[in-house]
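*Asks:* Listed here are the chains, written in short residue letters.
There are 2 protein chains.
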Amino acid sequence: MNKIKQISSYLTQHNLDAAFITNPDNVFYVSGFRSNPHERLLGVVVFQEAEPLMICPNMEVPDAKAAGWAFDVVGHQDTDHPWKLLKDAIIGKGIVISNLAIEKSHMTVERLEALQELFPLASFARLDDQLNSMRVIKDENELEILRQAAKYADYAIEVGVNEIAEGKTELEILTAIELALKKKGISHMSFDTMVLSGPKTASPHGKPGDRKIQKGDFVLFDLGVIYKGYCSDITRTVSFGEPTDSQREVYETVRKAEQDAVNAVKPGVRAMDLDKIARDVITKAGYGEFFTHRLGHGLGISVHEFPSITGINDMQLTEGMVFTIEPGIYDPSITGVRIEDDLVVTKDGVEILTKYPKELVIIPTGN
Amino acid sequence: MNKIKQISSYLTQHNLDAAFITNPDNVFYVSGFRSNPHERLLGVVVFQEAEPLMICPNMEVPDAKAAGWAFDVVGHQDTDHPWKLLKDAIIGKGIVISNLAIEKSHMTVERLEALQELFPLASFARLDDQLNSMRVIKDENELEILRQAAKYADYAIEVGVNEIAEGKTELEILTAIELALKKKGISHMSFDTMVLSGPKTASPHGKPGDRKIQKGDFVLFDLGVIYKGYCSDITRTVSFGEPTDSQREVYETVRKAEQDAVNAVKPGVRAMDLDKIARDVITKAGYGEFFTHRLGHGLGISVHEFPSITGINDMQLTEGMVFTIEPGIYDPSITGVRIEDDLVVTKDGVEILTKYPKELVIIPTGN
Numbered sequence: 001m002n003k004i005k006q007i008s009s010y011l012t013q014h015n016l017d018a019a020f021i022t023n024p025d026n027v028f029y030v031s032g033f034r035s036n037p038h039e040r041l042l043g044v045v046v047f048q049e050a051e052p053l054m055i056c057p058n059m060e061v062p063d064a065k066a067a068g069w070a071f072d073v074v075g076h077q078d079t080d081h082p083w084k085l086l087k088d089a090i091i092g093k094g095i096v097i098s099n100l101a102i103e104k105s106h107m108t109v110e111r112l113e114a115l116q117e118l119f120p121l122a123s124f125a126r127l128d129d130q131l132n133s134m135r136v137i138k139d140e141n142e143l144e145i146l147r148q149a150a151k152y153a154d155y156a157i158e159v160g161v162n163e164i165a166e167g168k169t170e171l172e173i174l175t176a177i178e179l180a181l182k183k184k185g186i187s188h189m190s191f192d193t194m195v196l197s198g199p200k201t202a203s204p205h206g207k208p209g210d211r212k213i214q215k216g217d218f219v220l221f222d223l224g225v226i227y228k229g230y231c232s233d234i235t236r237t238v239s240f241g242e243p244t245d246s247q248r249e250v251y252e253t254v255r256k257a258e259q260d261a262v263n264a265v266k267p268g269v270r271a272m273d274l275d276k277i278a279r280d281v282i283t284k285a286g287y288g289e290f291f292t293h294r295l296g297h298g299l300g301i302s303v304h305e306f307p308s309i310t311g312i313n314d315m316q317l318t319e320g321m322v323f324t325i326e327p328g329i330y331d332p333s334i335t336g337v338r339i340e341d342d343l344v345v346t347k348d349g350v351e352i353l354t355k356y357p358k359e360l361v362i363i364p365t366g367n
Numbered sequence: 001m002n003k004i005k006q007i008s009s010y011l012t013q014h015n016l017d018a019a020f021i022t023n024p025d026n027v028f029y030v031s032g033f034r035s036n037p038h039e040r041l042l043g044v045v046v047f048q049e050a051e052p053l054m055i056c057p058n059m060e061v062p063d064a065k066a067a068g069w070a071f072d073v074v075g076h077q078d079t080d081h082p083w084k085l086l087k088d089a090i091i092g093k094g095i096v097i098s099n100l101a102i103e104k105s106h107m108t109v110e111r112l113e114a115l116q117e118l119f120p121l122a123s124f125a126r127l128d129d130q131l132n133s134m135r136v137i138k139d140e141n142e143l144e145i146l147r148q149a150a151k152y153a154d155y156a157i158e159v160g161v162n163e164i165a166e167g168k169t170e171l172e173i174l175t176a177i178e179l180a181l182k183k184k185g186i187s188h189m190s191f192d193t194m195v196l197s198g199p200k201t202a203s204p205h206g207k208p209g210d211r212k213i214q215k216g217d218f219v220l221f222d223l224g225v226i227y228k229g230y231c232s233d234i235t236r237t238v239s240f241g242e243p244t245d246s247q248r249e250v251y252e253t254v255r256k257a258e259q260d261a262v263n264a265v266k267p268g269v270r271a272m273d274l275d276k277i278a279r280d281v282i283t284k285a286g287y288g289e290f291f292t293h294r295l296g297h298g299l300g301i302s303v304h305e306f307p308s309i310t311g312i313n314d315m316q317l318t319e320g321m322v323f324t325i326e327p328g329i330y331d332p333s334i335t336g337v338r339i340e341d342d343l344v345v346t347k348d349g350v351e352i353l354t355k356y357p358k359e360l361v362i363i364p365t366g367n
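If you read the protein sequences in the order shown, they are chains V and U. Residues 1 to 367, numbered by the numbering used here, are exactly what the first sequence covers, in order. Residues 1 to 367, numbered by the numbering used here, are exactly what the second sequence covers, in order.
There's no promise every hint is true.
All copies of an identical chain are treated as equivalent in the list; a pair is satisfied when it fits inside any one copy or across any two copies.
Unchecked claim - Calculated cross-link-like contacts (lysine to any residue; reagent style SDA-like; alpha-carbon spacing at most 25 Å): (1) Lys228 <-> Thr169; (2) Lys212 <-> Pro62; (3) Lys347 <-> Gly268; (4) Lys104 <-> His76; (5) Lys3 <-> Glu110; (6) Lys84 <-> Asn313; (7) Lys182 <-> Asp210; (8) Lys207 <-> Pro37.
Keep in mind that the hints were calculated from the coordinates and are not lab data. From a predicted model like this one, the values you see are computed outputs, not experimental measurements.
One chain only, chain V, in its complex shape:
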């Protein structure tokens, strides 16, 4: 409950009466309770001094307690007016809300209007940056989970590479990967697993389908697992059969861009510096127009969180930040290649969490 205390201190410092946290990722972060309430109301209210409280659908109250939530829980039925229950619970603590901190990047306008109706005199402050600044630095417990999540991602790539064979479809390989993970107890991927082959590798957001693997294809895997509520995210691109010279050149360009950016990671470096290092390698090799996205993104409870590794983010890296580095070249006339690692900023450098090799893997075609 250390995170609750940090938020309480923040409220006291900023003269805010309470924080209302409804983003399910943040609810999990502060409470340990992971739930997807769909349109139903789920939230944690944190106060300066008083004990926090949770509001959640009635049928999930036991789950919230089982997850370790030791404070009050207000359960609501579908026939209740949950906002009124919330107000009553706050009033029951003798607390008057004049300033309420909310997640402006998550709360909907409709919910803000509901809160304005409950607390007509209250003003609403932004809690997002405080939560982001807490979540962007992972503690040792979180890092240990992220290391394990990355190991499962490595394993998934290994399974996928071993599955490649002439005539197998992308979806067959994808299914084999997810089945192998399920057998290891991994029930959720952090996003839709991507297995793309041949010309489809040049579509950075392509969808796996019935295309059959052919000799001369590059095969791109982009996937990650959710482990104890935390995400991993890895990309590897391999060659089915001997690559052409131009395919190899694209691969080695991406590999150098990725490695140079990884090698530059340490506290004090800015996110935009990393993007520039990778982009310069690709641009100098003549493929600049085919690197169409940012270099990477933060990783944790969400598969996309802070810090964003873009050419315009001047945020300085500090110890404990976890993010991806994932340059790509998508040249439809040659191939697509992307290589992605998860890494953590250490005291004086970088720890790479994903460990699957990055030398070009060439799978023999058998003839």
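Assemble the complex: chain V is given as a structure, and chain U must be docked to it using the hints.
*Replies:* What follows is chain U alone, placed relative to chain V:
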């Protein structure tokens, strides 16, 4: 693009200059383009007279066009300021925004503030109810897709029931179901597939795990598929071996509650009437306290949409509405049972989309 025209008419009627649609489900509904933009800006702007425009991440522009979007698309890179591009595109059409309709149940406070900065003099109206009232009535094209989605759900139950065997785990059965669907071209479920056995059936939101099926278990399947962007959702509960009398009583009570509510569906009946019919059956049988959720929910592009079938919703059913009816009894001392169908309100009654039998299926245990 008929839906765009409907929205344009609504804007004209209500003296609104434009609508800005950013809920990915609604973007799909009005444009045919399905995308999950994560934190990136994706939206469709509809005007009274002028042609609509789309804003989306640059790398998805070709996908939007391939999906049939025939109007302008503003692509933005991660290094762009997408809100400024949006404003420029609107100004480029010579349109002044004084009143903008937004989805208040989806748009975040942060995005509203961004719009307020772009259009400091504008006021913001609610578009949600208009979109909901359009989406709640399915046209014949949508119904045909929903029928097919329901067929896949029936098939999934069939696969699951056939997989039940002593010692098999819930996760093994779940994996077999999803693999069978993948082979049929279904790559996404409409929510996490639920296979619960024995005492876990009494947890309405339980999670499948390593529990092994045992003689005397009830096994509950709750699942659905996404087919051409539309969701199905079915629940069946079956018995592995001869049920006890009390298990059978619970089953038959739920079955009667479900069937009575289904039989009552026709235009003019209120959502709350259906909830009461099913709840009365369960309450009279003495299990009222164990039916802990609403009777059902609308179904379409979202797995939970309007109409909500609760005890407090006095919305009258009209032709073309599609929703679930899914009463349950979760008595930890006996078993949990839920039975769920998808159905559509017809001109004078009901069409049931899910067709897997509802007589209690008893699977022989082999000894």
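*Asks:* Of the hints stated earlier, which fail here?
*Replies:* Structure breaks no hint.
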